[in-house]
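Novice: Sequence:
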Amino acid sequence: MTAVISPYIQGVFAKSNLCFANNFNQWVPLPAWGTFFINIGRWVAQAETGKNRLVLGFAIPTRNYAAALTALGVVLTRANITTAKIDTNSHFEQLCRLREGTPVNYQKNGKRYKGIYLGVNKDYSEPRLRIQIENKSNGGLTDFLRREECHNVAIASSQHISLPKKQTGRFIVTHNEFLNALIGADTQEFATTTRLECAILGRFNIIQQEITQVPFAYYSSKAELKRGYLHNVLRVRNFLNEGEAYRSEVLSAQGNKPPETTNKLIPNVTIFDGATGFIKWRDDWRNSHWIVLLERTEPHFKEAVTEINSEYGNRIDGEEIHNIPSVPPGVELVVYQEARQ
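Sequential numbering of the sequence shown, starting at 1, is according to the UniProt record's numbering.
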């Protein structure tokens with residue numbers, strides 16, 4: 001098994017179409033190191049490794065924006081993979097195993113509804129999910145969803161909801177010029193379908209600021225800028241309203257309680273933003289690709305490097321890894337494959 005990545009990935013953002021607002025409120029091109037981390041995210045997200053997973057460990061001068069831009073590359077690449085090709089069956093089976101009465105968020109006809117899962121109906125030629133969206137006092141309107149429609153249902157974070165007698169739904173706003181320019185794909189499906197592509201473990205408040213408060217822009221010509229925030233693409237669950245579809249999660253590496261994604265979903269890529277999260281929690285994330293970002297000046301840098309060197313002993317020998325993006329000056333990289341666990 002080889003990790004073969006299309007050479008196309010190395011050409012994407014070769015001369016970055018992204019820029020950001022500096023301290024003088026001027027738009028300046030994203031520097032080469034920023035482009036590098038986007039390409040790393042793209043490279044890992046498109047890897048064909050089968051039962052194996054990639055592990056990338058970086059020693060970097062500064063962690064500023066590294067995790068956010070790497071996550072951007074992951075989500076951008078995965079956005080062009082249709083939902084049907086990824087996990088329709090597994091999502092359907094997960095919903096079928098829910099306890100009856102579980103609150104859910106349900107989307108149909110461009111609107112979002114509160115719902116309650118009522119189990120599986122087997123009266124049709126195929127099993128269908130029963131989703132109630134109105135109170136029983138008004139008839140208890142219930143929809144029966146086929147397997148291919150299951151991505152319209154997501155488990156709600158709230159454990160208790162009450163359904164109204166009449167529910168009209170809330171319109172889902174999907175148009176965003178920054179998102180449209182970057183993805184160049186079906187933004188309607190992207191903005192209305194939950195798929196956990198990436199999880200970031202690190203310093204929550206810092207990552208939140210980088211993703212939601214720092215403006216970026218995409219330009220196809222010098223005369224036209226499409227402005228937005230990384231959050232428009234990353235769609236971080238923690239920074240969205242209840243029920244909105246998401247593509248990534250940010251989890252704090254601090255504290256004594258192991259960080260978990262919503263409903264314990266497994267991300268395609270896990271990014272450890274700093275030594276703390278990697279040292280404490282790496283054993284909980286061995287079923288996804290790893291990108292480990294270690295700032296040389298952080299207190300536990302040497303300890304984390306020692307752990308990576310130890311992990312390297314578990315690598316799968318003889319696996320060729322091709323087309324790794326060129327590493328910029330000041331950055332050190334180790335990359336290998338390991339069996340998923």
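Treat the hints with caution; some may be incorrect.
[Stated by the list, open to error] Computed cross-link-like contacts, DSBU-like style, restricted to lysine-lysine with a CA-CA straight-line distance of at most 30 Å:
#1 K226 - K51
#2 K51 - K108
#3 K302 - K257
#4 K111 - K257
#5 K226 - K122
#6 K122 - K165
#7 K166 - K122
#8 K165 - K108
#9 K280 - K111
#10 K264 - K108
#11 K257 - K226
Just so you know, the hints here were simulated from the structure itself, not pulled from any lab data.
Novice: Provide an ascending list of the numbers of those earlier hints which the structure does not satisfy.
Specialist: 1, 2, 4, 5, 9, 11
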